[in-house]
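Given chain A's structure and the hints, the job is docking chain B onto it.
For the record, the sequence lines run as chains A and B. Using UniProt numbering, the first residue of the first sequence is number 1, and each one after it goes up by one. Using UniProt numbering, the first residue of the second sequence is number 1, and each one after it goes up by one.
Each hint can be trusted.
You can't tell identical chains apart in this list, so a pair holds if it fits in one copy or across any two.
Here are the simulated DSS-like cross-link-like pairs (lysine-lysine), alpha carbons at most 30 Å apart as the crow flies:
1. 246 with 99
2. 93 with 208
3. 99 with 121
4. 93 with 246
5. 208 with 67
6. 67 with 209
Worth flagging that the hints you see were computed from the coordinates, not collected in a lab. Treat the numbers as computed from the prediction; the structure is a model and nothing was measured.
Number of protein chains: 2
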Amino acid sequence: MVFTHTPPAIAGPCTSETSSASAICALSRSSGRPVPSCLSRVPVFSQLRPEEVHLLHSVMRPRHSSKGEVIFREGDRSDTLYVLSRGVVKLTKLADNGKEHILRLLFPGDFFGQFSLLQEKPHYANASTADEADICRIHRADFLEVLRRSPDTAARFMSALSSQLEEADSWASVLTLLEAERRLAKMLLYFRQKTDPSANEFKLPVSKKELAGVIGATPETLSRKLGQLADAGIVSVSRRVIRIRKEAELRRLAGED
Amino acid sequence: MVFTHTPPAIAGPCTSETSSASAICALSRSSGRPVPSCLSRVPVFSQLRPEEVHLLHSVMRPRHSSKGEVIFREGDRSDTLYVLSRGVVKLTKLADNGKEHILRLLFPGDFFGQFSLLQEKPHYANASTADEADICRIHRADFLEVLRRSPDTAARFMSALSSQLEEADSWASVLTLLEAERRLAKMLLYFRQKTDPSANEFKLPVSKKELAGVIGATPETLSRKLGQLADAGIVSVSRRVIRIRKEAELRRLAGED
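Extracted from the complex, chain A is given alone in its bound form:
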């Protein structure tokens, strides 16, 4: 199995019993802002001390984004760290043929934009929302100040970056599989795990055409392979909703048994 990485435990907003989460929730409630609970939903901030929570809360700017909104473009510079609280964000790159292809997807709890922020270089990819999303923003100076004040937070950020690196390696690892069917099976299992590991049904986070690009197949091949999975009763497909009917069989196709 390639994607062995279990998704981080994301506490629901204002349900956790830890002191720092309580502090976040107290602040969220008291601020009167439409706060998408950036801090409580994001694992990297899950063990902050109350004073760090206060510090971060005061510098985070939550924002709702509609579907297809561009967060930043390849070649732009920005001095913001983005933390995804709800929704899916696509990291894409303009391919040589002028088409956009997806480098990787980001799910709730992931952060992005750190490349331009930390290296003070232009972004190497575009980031846009695949659907409605809540994204929190932290300005560079505030972010660096938090790191300076809290070595533990810095260590957690490193750990989270290291996790993203594992995900990127796993993603690449899927792409070197020679059979498109195996790549598709792996990616379906991955999307289910990222969406809701306990459910058998999930909505594809991207369009089928984009999914074809993700697994390095033509849209025709994707459509044929998906049809074959449906004909064999392994999944059922209704527009972008996928229901896994024979999980053991799908895992076998993904080479995970």
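Chain B alone, transformed into the frame defined by chain A:
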């Protein structure tokens, strides 16, 4: 162009004029150990203050590794940060068919092993040397102590991790290209850039069979495509040594013109 990332400027051992590098060199000379100048060769340590250099130097254990040496295995745990000072390291994973495939290659200045170290989880890949290598090791406790004492070093580590993430994304981005010829052209230009950007000749860091795995092609396809490049006078190939003869043409094939 996918691999836009220029390789970090790596100072030759004991040639730099910066105060921290001088301190490193003074220490290297005085210690009497066969030190492969871990600190002076590795960008992440390039701007340390003298006291940080002293601290790190006292906790780094350099070691020479022969070709094919296993540094760690998938599933193992370790509490060591590895810094590659010379040579090439392969990050590999056992594929479902029992064969090993390369996730990514690491070049001098890269560090690895941080996943197990930071997350206290088993390694998700194997690391082994592709050739003779010098690798420096830092123990977890010492590494965390350096981060705690020096927020600047922590920020540089984050920045370096962020760079590795960009490389992994770029690697995946090459793999989604539909044409094997384009993937090969990109990878040859990438290897040249990582080996010596100013030279036209370089040795493949991995065997041709492994290169086939890297670009998601069969060995037969790789051999045919490499033969076509040679027949067209774009490169010449002598065992693992590649000479780029028509760079503009190779860049065009890679879609980089």
